[in-house]
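Trainee: Top to bottom, those sequences are chains A and B.
In terms of our numbering, the first sequence opens at residue 15 and continues consecutively.
In terms of our numbering, the second sequence opens at residue 15 and continues consecutively.
Hints are not guaranteed to be accurate.
Given that identical chains are not distinguished, each listed pair holds provided it fits within a single copy or across any two copies.
[Claimed, not checked] Mimicking SDA-like on lysine to any residue, the simulated pairs with C-alpha atoms at most 20 Å apart in a straight line are:
#1 225 to 406
#2 339 to 183
#3 274 to 494
#4 155 to 602
#5 155 to 609
#6 337 to 347
Derived from the structure by calculation, the hints contain no laboratory data.
Owing to the predicted nature of the structure, the values given are computational and were not obtained by experimental measurement.
There are 2 protein chains.
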Amino acid sequence: MKSEKGTVSAYTIDFEPVGRRGKCHKSESLLACAHYVGIGINSICGGTGVCHSCKVQVLRGNVSRPTSKELEAFTPEELAQGWRLACQTYPLTDCKLSVPPESMTTLQRIQVEGKELRVEPELPVRAYQSAFTMPSLSNPKADTDRLIEELNHKYHIHCNTIEINVLRSLSLQLRSWDWRCQVIVRDDQVIGLNPWQTPLLGLAVDLGTTKVAAYLIDMNNGRTLAAKGIMNPQISLGEDIISRITHIIKSPDKSLKIRKLIVEGINDLINSLCIEVGANPEQIFDAVVVGNTAMHHLFVGLPVRQLALSPFVPAVSRALDVKAKDLGLCIASGSYVHLLPNVAGFVGSDHVAMLLATGVWQAKGPIVAIDIGTNTEVSLIRNGKITAVSCASGPAFEGGHIKDGMRAATGAIERLRIADNKIQYQTIDKAPPIGICGSGILDTLCQLFLSGVIDAGGRIREDCSRVRNYKRQREFVLVGEEDHKKQSDITITQRDVRELQLAKAAIRTGIQVLLEANNCTENQIREVIIAGAFGTYIDVASALIIGMLPSLPLDRFRQVGNAAGMGAKLALVSSTKRAEAQSLAARIKYIELGTAPNFNQTFIQTSYLGRYRIREGKREGVD
Amino acid sequence: MKSEKGTVSAYTIDFEPVGRRGKCHKSESLLACAHYVGIGINSICGGTGVCHSCKVQVLRGNVSRPTSKELEAFTPEELAQGWRLACQTYPLTDCKLSVPPESMTTLQRIQVEGKELRVEPELPVRAYQSAFTMPSLSNPKADTDRLIEELNHKYHIHCNTIEINVLRSLSLQLRSWDWRCQVIVRDDQVIGLNPWQTPLLGLAVDLGTTKVAAYLIDMNNGRTLAAKGIMNPQISLGEDIISRITHIIKSPDKSLKIRKLIVEGINDLINSLCIEVGANPEQIFDAVVVGNTAMHHLFVGLPVRQLALSPFVPAVSRALDVKAKDLGLCIASGSYVHLLPNVAGFVGSDHVAMLLATGVWQAKGPIVAIDIGTNTEVSLIRNGKITAVSCASGPAFEGGHIKDGMRAATGAIERLRIADNKIQYQTIDKAPPIGICGSGILDTLCQLFLSGVIDAGGRIREDCSRVRNYKRQREFVLVGEEDHKKQSDITITQRDVRELQLAKAAIRTGIQVLLEANNCTENQIREVIIAGAFGTYIDVASALIIGMLPSLPLDRFRQVGNAAGMGAKLALVSSTKRAEAQSLAARIKYIELGTAPNFNQTFIQTSYLGRYRIREGKREGVD
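Turn these sequences into a full structure, and let the hints guide you.
Mentor: And the structure:
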């Protein structure tokens, strides 16, 4: 960023995977900037470059040259990969950093975004550099035969079919490229041509009900070249999946329109990603898409009506390979889109991708893996057996149906503590508070419970300070009184608390049903994986105190960020990972929550706040 | 046909494969009608029903009940198939008859059209009757998994992929069809769904430069349900292939338009065929298309520029399987179109289909197989080795570039004899003469040569009757003088004769080059196969007398009609035939005529009229 006089005053620093951004003056270290924007990076030695606990990786942008301390701390390879000590490094331009979990002071997170893949690329689509002899009267072989025979002769590849657009363009392109090019092959099919020595790109997409994330990958080394997210444009036709399905059932002629919305959204993402790295969408020859079952169906153009009606049957569960052009995606016209398998009507391929990325599906367990969202999917893995449920947790944790709820955007209260009867909060981008997002809502519920404003049953007590009656219901004022008018105060109402109780009871009940179906107790759970955007930012301790999650030691919880996107990236570059996804999905036993024994009883009990265990539908206190 | 008073006076009778049509009064037998319209059907016993030499098959329409003679002549199965004695049968409605070669008095023809296939259907696409259990809460399996597992369980079919349109329609169709349907499978792919017990249809297309023929086939028994031909709509953009290619080179933006013309033409044919048998184009799940290389390329949308430039390289030789929707064909959306392989820039898949249909490619030989057209392809088969050339014979034999030439349509002179200095001719549909078509042109050249009006060098003599000078050139008057004004006379001009000499020399040279390349003499040729519409109707004797064909006994010639269409039909119903076509095409060695030794010398010598042999570029008289 340049000041008015043209001299550089401060740079913008992106911290991944937390997705926080802050301004950093050129005289400030990256560590100082992190602390300023509220990101907890270790600094055991106090920023003297001795403890090496503040390692970060510079993903983009220029920074100061390595100091002697850093030359000690890293190998030349690590320095080449951008690894630095945050306390020793000063920005020279805007930067993007990846903060690895071991450098964070907060609860351990697996960094899924921004971190390069660890899987060995094993590409379903490959590029073969090929040079051809020109035809002559004595060798008037057809252009395609020339191509097929070169692949066979030089690479021992036997291709049977050639994509129609390659057939149509081959003769002209070979002649204009001087009889050399890259031949792009998938299975036994020639799907495209690329100019000599152009990078082969791939696309991974995580299709959420609310957000869509896309990653542009260099297929030859598996590196993420660019990543970008947008709000799902279908939100205009309904915030949650059920309302979108209802919309389609009511006006079936709209189904094409609703599909077009998401396809155009992804195409916009593709264009932005390509512009960012100076590539052409025609260089993208493979794609993997994950999403919940309904988003999967809406994207592919499958019917969704039966998803909303018992027995909630998907049109398609198995993994699909669909031509990009049949889906309307503007990437290389011969390319395919691989869609990871779904499990059930409300357990989709994003959950499968999460299990794939975290690797927990192969663990001995018992491990509980949770994707928290409007719909929350939970799997329990035990001795290679996977059982899954889907819980209708509702939009409360995304700020929906909450009076002053909002999405995680600038000005949202994302952390909240009540100490000495005083409210301390932190907002996104340190902006003046305008509402409260999921993690803040969770903190608030926890703090109000701990401070006795709300009882275990969820009732707001009348006789507390900051509690008032307004518009016929009781509410607790988080921000207001002094500096705001009543109607723009930020409050938590009795109705909000009830909404949150239902949401957290749904999740806890799902976990409980899985434990009972597997004859497990809570204490046997070795690890709880929490995935998804909301899951990344919550304070797990708050979730434990309100009884949303089983009462276990904090170190058994792992927040893994957008593991679904990570799973999509893994599947993009590895055929083995695609096969693993299919096999793990086939192994999942789905339980319809409503049909589980003790379901109603458990649901009622888990709506109570506090730490407790559930046994046979009864609550037992802990601590 | 009804007279003005509403009583039936005469019916229209179509005779196949000659494609002639005539009126038949209800009191006339089919034999009488045939003789009346000039079709030579045997009648050794004089029409008394004793000799059984006038067998015909009624393909469509109603006729009188079988007489006792016919009950003697045929088995009940044969009668059920429509077999009758022409002398014993009277029409009750308009009819379509197939006249088998053994019933014809003219030179033996293999009837390709109208005759049912002899190959055992061995379908690349199959329909599986399937019934499914309905989903329930205890069995909420995805609809596609249900489908795939039923195929696997009941038929031991392992399908990996499902066509996108099937995926999109499956859930609704299964529910509306009460959980039973036919699943249409191709290789390991589900390509469509058909209602329970609907016939599976196929389409065979012969794509000629001038004519397009299409056949609708019942895939389960290989029977032709309907056949129809149209003029190629691309004629509007150029009568011959080179002018169409030139058109595209000059305005590349027109290539889509020229492709659209042929695709729309075929779609019209598909609709007509389906209407004729009361079927739906969506029931057509497989198609085979053959044509010359340029038509193949224009249809598929391949570039043609390089076809017109030395070394005349096709974009594609090998057999192709292209999705019907990628070509724009309006048949079942998941279906594929199989295109038989091409051989070279000017030897296309129609020639391959002809070799396939006649079976000569497997013969010991030597056999010469000729497709006569604007471009004439000739193959010589000897001990399993096939050598082919392409001859630019030009449009003369289709009536092009000939002053009074016309296509084989009503009023065209199709036969001509000169006896006692008098001209006898026969026109199509016995209409007043308006021009002269290919077979008539050939006869005329022969008769003028025999009667001495034209000398062996092709010069029209000045001193003969009916020879005159008109508009600065010499011409022979075929029709005129008495009954017409000069400008509407039908004549053969000196320029016409030169055009015909070039055409027939091209063909004869092609044969000669093949013989020399194989160290064969003309006399060793065991059989000459003549295919194509023009080849079906020519008088082979005339062709011998003008030296267009080698001077061999008449019984070594076989006219096989539209063998390319027959080959397409065979490939449609038989995977083995498709494989045979690929293997025979790969076996053909193509010789570029211009590069052959003695080419120029041979071409000059073969432009002479008369019976002769060629040895080392020299002409030797025979007879």
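Trainee: Next, verify each hint and record whether it holds.
Mentor: Evaluated hints:
no.	hint	result
1	225 to 406	within (18 Å within a copy, 64 Å between copies)
2	339 to 183	both (16 Å within a copy, 18 Å between copies)
3	274 to 494	neither (43 Å within a copy, 69 Å between copies)
4	155 to 602	between (52 Å within a copy, 12 Å between copies)
5	155 to 609	between (66 Å within a copy, 16 Å between copies)
6	337 to 347	both (8 Å within a copy, 14 Å between copies)
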